[in-house]
Amino acid sequence: MLSPAKVKYRKQQKGKVRGKSYRGSDVSFGDYGMQALESGWITSRQIEAARMAISRHVKKTGKMWIRFFPHKPVTKTAAETRMGKGKGSPEEWVAVIRPGRVLYEISGVSEADAQKAFRTASHKLGIATRFLKRGGAL
Amino acid sequence: MEFIKLEALARESKGKSAARRMRKAGRVPAVVYGKDTDTRKISVDPEALIKALAGPLRVNTPLDVVISDVNSEKKEDALVIVKDHHYDPVTRELLHVDFLSISESAPIRVDVPVVKVGRSKGEQLGGILRMVHRTLPVICLPKDIPAKISVDVSALEGGITYHVSELPLAEGLTVAMPPQEAVLTISPIVIEEVAPEEPAAGKKKKK
Chain C
-10 MLSPAKVKYR KQQKGKVRGK SYRGSDVSFG DYGMQALESG WITSRQIEAA RMAISRHVKK
50 TGKMWIRFFP HKPVTKTAAE TRMGKGKGSP EEWVAVIRPG RVLYEISGVS EADAQKAFRT
110 ASHKLGIATR FLKRGGAL
Chain H
202 MEFIKLEALA RESKGKSAAR RMRKAGRVPA VVYGKDTDTR KISVDPEALI KALAGPLRVN
262 TPLDVVISDV NSEKKEDALV IVKDHHYDPV TRELLHVDFL SISESAPIRV DVPVVKVGRS
322 KGEQLGGILR MVHRTLPVIC LPKDIPAKIS VDVSALEGGI TYHVSELPLA EGLTVAMPPQ
382 EAVLTISPIV IEEVAPEEPA AGKKKKK
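The listed protein sequences derive, respectively, from chains C and H.
Using the numbering used here, you'd call the opening residue of the first sequence number -10 and step up by one each time.
Using the numbering used here, you'd call the opening residue of the second sequence number 202 and step up by one each time.
Just so you know, the hints here were simulated from the structure itself, not pulled from any lab data.
Only a predicted model underlies this, so the values are computations on that prediction, with no experimental measurement involved.
A hint or two may mislead.
Here are the simulated lysine-lysine pairs, DSSO-like style, with alpha carbons at most 30 Å apart [claimed, not checked]:
no.	chain 1	residue 1	chain 2	residue 2
1	C	Lys9	H	Lys215
2	C	Lys9	H	Lys252
3	C	Lys9	H	Lys284
4	H	Lys317	C	Lys49
5	C	Lys5	H	Lys284
Between the sequences and the hints, there should be enough to build the whole structure, so can you do that?
Below you can see the structure in the form of structure tokens.
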């Protein structure tokens, strides 16, 4: 599973996810992409599950790119713990996603296979996504 | 040469509030700039622009923009090409367009898509074709802009790199790249050797 090799601070505040992702919102490497339509957190487990789902369709002929990384640590207080006594310990890593972000890209497969791969992978993520082809608005 | 006409309105307003009002009214703020011309703020109808760029040249289509001034009823012509455009990542609606003012007699630089034709011999035998460049910067006159550069790969075998120098270019076109630059590569065919299985009798179990 993906996680940073080294971080400056072990714990972070929750923060708010505002606005849209204007950067990283185009298909830049492959032929087809999966774009987020909602904001939210995607955990490293979800990233790995979706990657496995896509790689089953891509097989040896295609190539896949993951365009996001879980930089944010999420802490959890242990079960049956009374309130107080400080912030819990880091439990997992999440990627903060804004609408418009391209999450995965693939090339070397047919459009039908790409759509199938991304549809299966989207079920592993907690946010709404859509299929995207290379090219801008014009 | 006749170019596609696009109606535009000159605008005085600037800034995000005015731009948002303009988008709400169904128009897209744009700007025209160039080498020997003054920068002009204009607005265009997004549907008309998309329709004008729907031809084979797509975003490289030279446009004859007719800029009308509402106050003075003056009309001005400018030959332009789309230099840049911004759009909403979710709704894919146009937010802003940059037009570069060009001259009919001066060469310009445009990004032309490279399209592979056919299926290479290398791919048929299991190799993988990789496009190193999907578009190439081409220098040519506005009337000579090609819709695409087609590369016939059907005769290419595995382990081959196709270079810029091998491109079938029409007269008057120059690719602004070194001739030894790779356009596409076909990976060599790797035949995996399956090692014969050893008899299981000699294996020892580890605890």
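Hints and how they fare:
Taken as a hint, the C/Lys9 and H/Lys215 pair is honoured in the structure, with Cα atoms around 23 Å apart against an allowance of 30 Å. Restraint check: the Cα-Cα separation between C/Lys9 and H/Lys252 comes to about 27 Å, which is no more than 30 Å; the hinted pair holds. At roughly 24 Å between alpha-carbon atoms, C/Lys9 and H/Lys284 fall within 30 Å of each other, so this suggested pair holds. At roughly 21 Å between alpha-carbon atoms, H/Lys317 and C/Lys49 fall within 30 Å of each other, so this suggested pair holds.
Annotation: proposed proximity of C/Lys5 to H/Lys284 is violated, straight-line Cα distance about 35 Å (limit 30 Å).
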